[in-house]
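Chains as they are written, first to last, in this note's numbering: chain Y, 2 to 113; chain X, 554 to 666.
Source of the hints: derived by calculation from the structure; they are not laboratory data.
You may find that some hints are simply not true.
Claimed, not checked - Each computed DSBU-like pair below joins lysine-lysine, with the alpha-carbon atoms no more than 35 Å apart:
(1) Lys80/Y <-> Lys653/X
(2) Lys653/X <-> Lys622/X
(3) Lys621/X <-> Lys611/X
(4) Lys621/X <-> Lys653/X
(5) Lys81/Y <-> Lys602/X
(6) Lys621/X <-> Lys602/X
What the hints assert, rightly or not - Selected chain X positions facing chain Y (Cβ under 8 Å, derived; list incomplete):
(7) Asn594
(8) Gly596
(9) Leu599
(10) Lys653
Positions of the beta carbon are idealized from the N, C-alpha and C atoms, including for glycine.
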Amino acid sequence: SQTIHQWPATLVQPVGSPLSLECTVEGTSNPNLYWYRQAAGRGLQLLFYSVGIGQISSEVPQNLSASRPQDRQFILSSKKLLLSDSGFYLCAWYTALNTEAFFGQGTRLTVV
Amino acid sequence: AQSVTQLGSHVSVSEGALVLLRCNYSSSVPPYLFWYVQYPNQGLQLLLKYTTGATLVKGINGFEAEFKKSETSFHLTKPSAHMSDAAEYFCAVRTHGYNKLIFGAGTRLAVHP
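Make the full structure from the sequences, and use the hints.
So this is what it looks like as structure tokens:
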């Protein structure tokens, strides 16, 4: 069966520090991968998506970047965090065999 | 471009009452439509989905939704609310062959005794 792992679950980082959040999927091949951010009262904002290794589409200009070094690995990064980067980050995937997306458990990021 | 509008950021019902969460979408081609539920500090869990075929779809936990093309709506209902239904609910749209899954702003459902 397919599973998605996202870590860490919680993270507290100072302003100006770097960030690396990792998401991996097991049990499937060539998934579409997504990073969403959920800020309080603002729903789910699509940040990045990827349809293949090295292929990244950015949805909003921001302080973050994404990379897909392997088929089932998706990384969200920042060189210098801002206070406004705080939020709940969710990774998701789907393939042509599914119609719905499957979500990880999320990372709660607090920038202080 | 696709978009989703959820009417009402907060909905409060009594236990045993009807739950109605509203969702309207915008899509230039026939969409795939989804309802997800999120409990505090957790990821999203699929409640139900519409792809093709029957426009009334049933999901988990007694929820159902009806796709109405003429109204561009996909409202979520449950005949009788339980306390355990208290959560945040998200409507989402994706167009067949299109890679982006777009969510509404969410509706927080409160259920009181």
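The hints, checked one at a time:
no., hint, in the structure
1, Lys80/Y <-> Lys653/X, "holds, 26 Å"
2, Lys653/X <-> Lys622/X, "holds, 20 Å"
3, Lys621/X <-> Lys611/X, "holds, 15 Å"
4, Lys621/X <-> Lys653/X, "holds, 22 Å"
5, Lys81/Y <-> Lys602/X, "violated, 39 Å"
6, Lys621/X <-> Lys602/X, "holds, 13 Å"
7, Asn594, "holds, 7 Å"
8, Gly596, "holds, 4 Å"
9, Leu599, "holds, 5 Å"
10, Lys653, "holds, 6 Å"
In summary, the one numbered hint that this structure violates is 5.
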